[in-house]
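Asker: Sequence:
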Amino acid sequence: MEYILEAKKVNKYFRNPVLFHVLKDISFGIRPGEFTSIMGKSGCGKSTLLYILSTMDTDYEGELLLNNTKVTGRPRAELAYIRNQQIGFVFQFHYLLPEFSVLDNVMLPARKLGTKSYKQIKMDAMEKLDLLGIKDQAHKKASMISGGQKQRVSIARALINNPKIIMGDEPTGNLDSKNAENVFNIFKDLSVEKNLSLLIVTHDMDFAKKTDRIIEMADGEILHSNALAGVRSEE
142 MEYILEAKKV NKYFRNPVLF HVLKDISFGI RPGEFTSIMG KSGCGKSTLL YILSTMDTDY
202 EGELLLNNTK VTGRPRAELA YIRNQQIGFV FQFHYLLPEF SVLDNVMLPA RKLGTKSYKQ
262 IKMDAMEKLD LLGIKDQAHK KASMISGGQK QRVSIARALI NNPKIIMGDE PTGNLDSKNA
322 ENVFNIFKDL SVEKNLSLLI VTHDMDFAKK TDRIIEMADG EILHSNALAG VRSEE
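The opening position of the sequence shown corresponds to residue 142 in this note's numbering, with each subsequent residue numbered one higher.
Keep in mind the hints are simulated off the structure, nothing from the lab.
All residues carry an ideal CB built from backbone N, CA and C; glycine is no exception.
Errors might be hidden in some of the hints.
Stated by the list, open to error - Computed beta-carbon distance windows for the label pairs:
(1) K150 with P173: 21 to 29 Å
(2) P173 with N326: 14 to 22 Å
(3) E268 with N152: 40 to 48 Å
(4) N152 with K260: 40 to 48 Å
(5) F155 with K276: 43 to 51 Å
(6) S188 with N157: 15 to 23 Å
(7) V159 with N326: 41 to 49 Å
(8) G203 with V333: 28 to 36 Å
(9) L254 with S287: 24 to 32 Å
(10) H280 with L364: 42 to 50 Å
Taking the hints into account, I'd like the entire structure generated from these sequences.
Answerer: As structure tokens, then:
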């Protein structure tokens, strides 16, 4: 079976001040174009899991595969390159550089990756901003646009390197209901029209129930992995 992302028996321990088993035998896969949400109470391990899946946390047991290639055990520099090339991130806070223009913020990950010319990166960034409906904001400072627009910019930035998967940690957590719905619709369009995989940690049940699948976590374990609207999920 083809997966963009697959976790195999992932276990995570915190060792200080006492040994604590945070994640317990986590196994699941995300298919191309699948829009999956992860839910659970605070402290259940969902954000810890996301950081492992994103390759930012390498202190775990088990295996992680990205685009059918094992990434567990790779050197940190190599993981950073893989992460920048294949994973896009959208967080609760947009993390834009306020004194940079919207366009410059979107271009940053591609400039860091260094596989395309400045001219091509600029063209790609304008294309992503157009896709997100904010091309007209490109030359404004990031500090001068609204909260909803800032989150759209962060999504454009996540898309700039044409990743295989978008990962989000509470991406609608700071947004009002209208902007939260706009972000969901953007994600859904990316899933359906671009066949982009999405894995989103959220507390928002209204958001989660419209995704293809909800992975419900408690006490470091997956309780349920329920198929909802989509037919691409495992169940």
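Asker: Starting from the range 15 to 23 Å, see whether the pair S188 and N157 falls in it by beta-carbon distance.
Answerer: 19 Å, holds
Asker: Can you let me know if the beta-carbon spacing of E268 and N152 is within 40 to 48 Å?
Answerer: 41 Å, holds
Asker: Is it true that P173 and N326 lie within 14 to 22 Å of each other by Cβ?
Answerer: 20 Å, holds
Asker: Taking the Cβ atom of G203 and the Cβ atom of V333, is their distance within the range 28 to 36 Å?
Answerer: 31 Å, holds
Asker: Can you tell me whether the CB distance of F155 to K276 sits inside 43 to 51 Å?
Answerer: Taking Cβ atoms as reference, F155 and K276 lie about 45 Å apart, which means the hint holds.
Asker: Take the C-beta atom of N152 and the C-beta atom of K260, compute their distance, and say whether it sits inside 40 to 48 Å.
Answerer: 46 Å, holds
Asker: For the hint 42 to 50 Å, verify it against the beta carbon of H280 and that of L364.
Answerer: With a Cβ separation near 48 Å, H280 and L364 satisfy 42 to 50 Å, so the hint holds.
Asker: Go ahead and decide if the range 24 to 32 Å is satisfied by the Cβ distance of L254 to S287.
Answerer: 29 Å, holds
Asker: Could you see if the CB distance from V159 to N326 stays within 41 to 49 Å?
Answerer: Roughly 45 Å apart at Cβ, these two residues keep to the hinted range, so it holds.
Asker: When you take the CB atoms of K150 and P173, is the distance between them in 21 to 29 Å?
Answerer: Check passed, 23 Å falls within 21 to 29 Å.
Hint compliance for this structure: every hint is met.
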